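Q: The primary structure of each chain is shown beneath.
2 protein chains.
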Amino acid sequence: MDTPRLVEKLLRGDRRALARAITLVENGSPELREIMAGLAPHTGRARIIGFTGSPGVGKSTTTNAVVRAARARGLSVAVLAVDPSSPFTGGALLGDRVRMQEHATDPGVYIRSMANRGHLGGLSWAAPHALRVLDAAGFDVVLVETVGVGQAEVEIAGQADTTVVLCAPGMGDSVQAAKAGVLEVADVFAVNKADREGAKSTLRELRQMVAMKDRADDEWKPPIVMMVAVHDEGVDELWERLDAHFAHLESGGGLAERRRRRAREEVQAIVLDLLRSRIGVGDGGALESAARDVAEGRRDPYAAADLVLKELDA
Amino acid sequence: MDTPRLVEKLLRGDRRALARAITLVENGSPELREIMAGLAPHTGRARIIGFTGSPGVGKSTTTNAVVRAARARGLSVAVLAVDPSSPFTGGALLGDRVRMQEHATDPGVYIRSMANRGHLGGLSWAAPHALRVLDAAGFDVVLVETVGVGQAEVEIAGQADTTVVLCAPGMGDSVQAAKAGVLEVADVFAVNKADREGAKSTLRELRQMVAMKDRADDEWKPPIVMMVAVHDEGVDELWERLDAHFAHLESGGGLAERRRRRAREEVQAIVLDLLRSRIGVGDGGALESAARDVAEGRRDPYAAADLVLKELDA
Chain A
382 MDTPRLVEKL
392 LRGDRRALAR
402 AITLVENGSP
412 ELREIMAGLA
422 PHTGRARIIG
432 FTGSPGVGKS
442 TTTNAVVRAA
452 RARGLSVAVL
462 AVDPSSPFTG
472 GALLGDRVRM
482 QEHATDPGVY
492 IRSMANRGHL
502 GGLSWAAPHA
512 LRVLDAAGFD
522 VVLVETVGVG
532 QAEVEIAGQA
542 DTTVVLCAPG
552 MGDSVQAAKA
562 GVLEVADVFA
572 VNKADREGAK
582 STLRELRQMV
592 AMKDRADDEW
602 KPPIVMMVAV
612 HDEGVDELWE
622 RLDAHFAHLE
632 SGGGLAERRR
642 RRAREEVQAI
652 VLDLLRSRIG
662 VGDGGALESA
672 ARDVAEGRRD
682 PYAAADLVLK
692 ELDA
Chain B
382 MDTPRLVEKL
392 LRGDRRALAR
402 AITLVENGSP
412 ELREIMAGLA
422 PHTGRARIIG
432 FTGSPGVGKS
442 TTTNAVVRAA
452 RARGLSVAVL
462 AVDPSSPFTG
472 GALLGDRVRM
482 QEHATDPGVY
492 IRSMANRGHL
502 GGLSWAAPHA
512 LRVLDAAGFD
522 VVLVETVGVG
532 QAEVEIAGQA
542 DTTVVLCAPG
552 MGDSVQAAKA
562 GVLEVADVFA
572 VNKADREGAK
582 STLRELRQMV
592 AMKDRADDEW
602 KPPIVMMVAV
612 HDEGVDELWE
622 RLDAHFAHLE
632 SGGGLAERRR
642 RRAREEVQAI
652 VLDLLRSRIG
662 VGDGGALESA
672 ARDVAEGRRD
682 PYAAADLVLK
692 ELDA
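Quick note, the sequences are listed as chains A and B, same order. 610 is the number that this note's numbering gives to position 229 of the first sequence; each next residue is one higher, with no gaps. 417 is the number that this note's numbering gives to position 36 of the second sequence; each next residue is one higher, with no gaps.
Isolated chain A (complex conformation) (with noise of 0.2 Å):
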């Protein structure tokens, strides 16, 4: 399929075209340039919304059971499960398919996992660049889902529209959570698994640290939804929530706000990536003499990022 047949496809929200065109996210295909190209004026109709949270905390069963509540509203949705994945065991795929079985039939419904084989910094741009590809295919509403421990793990999630923090009981997820950062990109709390022991123990924790944190009076608190997504319990009042801060990003300007964040991360991204590569790795590169004599102590980092610099420069 040559690219400007593939925009054409994406567009019209072809599945195998929306496979191969994530397929290069993932690769970091030369020929992303051009579909990027082809796709930005047909981006920003859809609904970005993250989810994160530490492993376990019920993020697939989570998901699907919101994907369920979107399509009972008639809208179409796409997921994107932002895997860390190691090419090797090919856990991404297997997942996929596990989760794939109960929407297989539903046209409306496009679940993927995208690995990440690339270097620091390769999550950076991928993640904003797949969920470009599924805006621009038309889905109404994209759930981006990544696993809430990795500082850039956070970022992405806290990169939607809207931001879902899962935790559960007696996972120690609540103080995790904080731990890793999520606080400050919450927009919604959900406490799944909210029939186990300790559901309300740390509900209350949650309840402390959205209360400690300072905000203006008409900056939006995030809301904490109790949920059993596996029975479909809570699902109902997460979309309520949803809803509630769509509308507020909506009348307060916020959501161009977000967006125009969202495309900043996304373009340095792209700047820092084209810049690593001028840098020069490899044998008689600028870094990599820099960084031997920084490793034999000849050095320090700073004076060495000078030279490097200096190389660039000129």
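These are computed hints drawn from the structure, not numbers from a lab. Mixed in with the good hints there might be a few duds.
As the list claims (entries may be wrong) - Derived, one-sided and incomplete: chain B residues facing chain A with beta-carbon distance under 8 Å:
(1) Arg645
(2) Glu647
(3) Gly678
Said to hold, decoys possible - 35 Å max Cα-Cα, derived DSBU-like pairs, lysine-lysine:
(4) Lys390/A - Lys691/B
(5) Lys602/B - Lys691/A
(6) Lys581/B - Lys581/A
Just so you know, these numbers come straight off a predicted model, no measurement behind them. Heads up, the beta-carbon is just placed ideally off N, CA and C, and yes, glycines get one too.
Given chain A, put chain B in place with the hints provided.
A: Here is chain B on its own, set in the frame of chain A:
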């Protein structure tokens, strides 16, 4: 304390100077440049061991047990817990206080959490800087502990001389570990809480993963140690494996290569950070206006990145 005096005190291992220097790292202080220049000739002596694993596997308990093991062998130890903490919860400091109790009166032990308040990429230079400070302060062993789920966090632990990936039974951790791409960085696997149900199946899963990975004949095959850190069981075996890996690195030239790689990441992170500030975030900056165009669909992210780069070159 002026900077030359701080450096002098650091090199003598003064605790107040250490605390101050790591706070300067956390804050990205401009004094770091002069400090790093002063420390450079005195680095490269400490043996750096990384610990990573999902929340709940017992990282703190394990590092504490390893601290005891090192002390029993007459080695001085520093622990750096890299914690993408919210400034708002103070979780890191609380953790330190709890953990310090055991070793509070031991002058051969220093434990410090480091929060990361910066943007994406902040951890990439902050963690190596802090390791450099502890190395120059004369510790024989420096343990760096990260939450092993995020891309950035896994990469930091992976930049140690020896990286230990911790798992625990019954949490789906070994699978999560593989998903997070930690397999590639593991030099040693440790199954903590090995007295719990499911320890054998965790061991089996890990064995399969290790076996599946292609490696050259002379390449290190990560051993798997079963342990109950809270009862000090398996800790001596873990220490032996750490020694064996370090000997392997020293004999095969791998140690110099790892240290070059660590320096390369550190220098690259500084270069990219300097470039990031040149790009211009803020009203009227090249990045800001590019982001606006992208958010509003008038330009694709690559065309926007080209504009930013042109501005940078001008």
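Q: A separate judgement is required for each hint: does it hold in the structure or not?
A: Going through the hints against the structure:
Given the 8 Å rule on beta carbons, the hint for arginine 645/B holds: about 4 Å separates it from the nearest Cβ of chain A. Hint status for glutamate 647/B relative to chain A: holds, with the closest Cβ pair at about 5 Å, below 8 Å. With 8 Å as the threshold, the beta carbon of glycine 678/B comes within range of chain A, its nearest partner Cβ sitting at about 5 Å, so the hint holds. For the proposed pair lysine 390/A and lysine 691/B, the alpha carbon gap of about 33 Å is at most 35 Å, so the pair holds.
The hinted pair formed by lysine 602/B and lysine 691/A fails the criterion: a straight-line CA distance of about 41 Å is larger than 35 Å. Distance check on the hinted pair: lysine 581/B and lysine 581/A sit about 34 Å apart at the alpha-carbon level, within 35 Å; holds.
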